[in-house]
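Visitor: Numbering (this note's numbering), first residue to last: 0 to 212.
Just to be clear, a hint being listed does not mean it is correct.
As a list, the in silico BS3-like pairs of lysine-lysine whose alpha-carbon atoms are at most 25 Å apart [unchecked claim]: (1) Lys104 <-> Lys38; (2) Lys141 <-> Lys3; (3) Lys141 <-> Lys104; (4) Lys79 <-> Lys104; (5) Lys38 <-> Lys105; (6) Lys38 <-> Lys3; (7) Lys172 <-> Lys79; (8) Lys79 <-> Lys105.
Read the hints as simulated data drawn from the structure, not as lab findings.
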Amino acid sequence: MEWKQLTVGPVQANCYLLWNSTGEALIIDPGSEGDRINKQIRDLNVQPVAILLTHAHFDHIGALDEVRAQWNVPVYLHSKETEWPNNPDLNGSSHFPMIEPVRAKKADHELTHGETLNIGQFTFEVLHTPGHSPGSVSFYFKEEGIVLSGDALFMGSVGRTDLPGGDHDTLIKSIHNQLLNLDEETLVLSGHGPSTTVGEEMNTNPFLNGFSL
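All chains, please: the whole structure from these sequences, using the hints.
Guide: Rendered as structure tokens:
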């Protein structure tokens with residue numbers, strides 16, 4: 000499996016494209032700049048089979064409808080955030096005056112913790128990692144040694160918890176219980192910033208060291 004990170008929008012969120020040897024692709028968090036995302040997909044000459052959302056904050060769903068309309072693929076989002084895409088108060092866009100209110104259509108499928116999804120030739124596990132938002136999830140590709148952590152875990156940091164439904168203690172517990180127990184070599188593709196590994200964050204992340212459950 001190959002992947003590409005596209006940093007998009009005014010708050011520099013990461014959209015990811017993952018593709019396999021058959022040419023199938025997954026789109027993760029199309030947050031802004033839909034034209035650019037769609038062009039990159041065409042340039043890669045891959046065929047999207049789904050859009051996965053780690054959560055429904057505006058900077059991760061801002062280009063959702065534009066990208067979905069281009070490729071006509073189903074959208075997956077955790078059940079706790081089904082109403083968020085079309086609600087600027089919940090998706091956070093109404094909290095930032097410089098951001099146009101974001102309203103997107105609902106997802107087609109609801110995600111639940113621990114389920115294994117088989118979409119096309121992709122197989123991965125859904126890990127519920129709330130705290131940044133109630134329905135935050137991470138997508139774990141065990142065979143490839145990759146986890147897409149959304150805004151739960153970053154290189155040297157963790158997600159903010161001051162938006163609706165955020166809770167810092169819940170976030171830290173999610174990271175410890177769902178992410179830090181993965182293989183230390185697992186590559187972490189975060190919702191903002193550069194990639195890292197589980198082991199690196201376990202050993203050096205100041206928000207995680209010294210925390211006891």
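Visitor: Would you list, in rising numerical order, the hints stated earlier that this structure does not obey?
Guide: Hint 3 contradicted; others consistent.
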